[in-house]
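S.K.: Sequence:
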Amino acid sequence: MKKGFYIIISILFLNCSEISKSDKRDFEKVKISNEMFTPYSQFENLFICKDSIEDFDTGYSKIELNQENIQILNSKNDGYESTQIEIIIDKNLKIETVKYSYSDDVEDGSKTEYEVIDAKINMNKNPFEQNSKQITAYYLLRIRETNIPSEFWKFKKETEYYFKGKIECK
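Counted from 1, the sequence shown has number 119 at position 113 by this note's numbering; the numbering is strictly sequential.
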């Protein structure tokens, strides 16, 4: 009886310890520079600002700038794979939020969750000082991917990788 009680308490303790983790990450500030992040990924994903989303398979970017923050939306979809990225930067150039999602056309019943655990961004100028959406930015995201299989006998798998991107808005 005591052994069963200790097992139940241990399970509850381990499950509740995950609740205390904060969902908010503490990212760095944006650096004003034309520097690229060369040592990490072999290639970078290019996202170009366009007026319409007609040709987003080559990489679509949209920038919304107001007095409080800048929101960058990146999307790429070639019919087989889709990548969505949302970045919010406050007026002090502090990275507030970074969301990343990826999907492909393979249906196997599993679920995949993505978490951006580190983000670095270099912009060619401060868009708040020059009141301009015409920027070039390089970013490097470190992403934790958690794959949760549909079969109960398989374990979830976590991997980390880098995603390197470039935004061009002229």
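These aren't lab readings, by the way, just hints derived from the structure by calculation.
Hints may contain errors.
Cβ pair distances, simulated, as ranges [said to hold, decoys possible]:
#1 164 with 64: 16 to 22 Å
#2 139 with 165: 33 to 39 Å
#3 105 with 140: 29 to 35 Å
#4 155 with 73: 20 to 26 Å
#5 119 with 38: 20 to 26 Å
#6 176 with 119: 31 to 37 Å
#7 156 with 37: 40 to 46 Å
#8 148 with 64: 43 to 49 Å
#9 107 with 174: 20 to 26 Å
#10 114 with 42: 33 to 39 Å
#11 42 with 160: 17 to 23 Å
#12 160 with 140: 47 to 53 Å
Think of the CB as a built atom: it goes at the ideal place given N, C-alpha and C, for glycine as much as any other residue.
S.K.: Hints first: check each against the structure and report whether it holds.
M.R.: The hints, checked one at a time:
| no. | hint | in the structure |
| --- | --- | --- |
| 1 | 164 with 64: 16 to 22 Å | violated, 31 Å |
| 2 | 139 with 165: 33 to 39 Å | holds, 35 Å |
| 3 | 105 with 140: 29 to 35 Å | violated, 24 Å |
| 4 | 155 with 73: 20 to 26 Å | violated, 46 Å |
| 5 | 119 with 38: 20 to 26 Å | violated, 33 Å |
| 6 | 176 with 119: 31 to 37 Å | holds, 35 Å |
| 7 | 156 with 37: 40 to 46 Å | holds, 42 Å |
| 8 | 148 with 64: 43 to 49 Å | violated, 25 Å |
| 9 | 107 with 174: 20 to 26 Å | holds, 22 Å |
| 10 | 114 with 42: 33 to 39 Å | holds, 36 Å |
| 11 | 42 with 160: 17 to 23 Å | violated, 39 Å |
| 12 | 160 with 140: 47 to 53 Å | holds, 48 Å |
When the structure is compared with the earlier hints, violations turn up for hints 1, 3, 4, 5, 8 and 11 and for no others.
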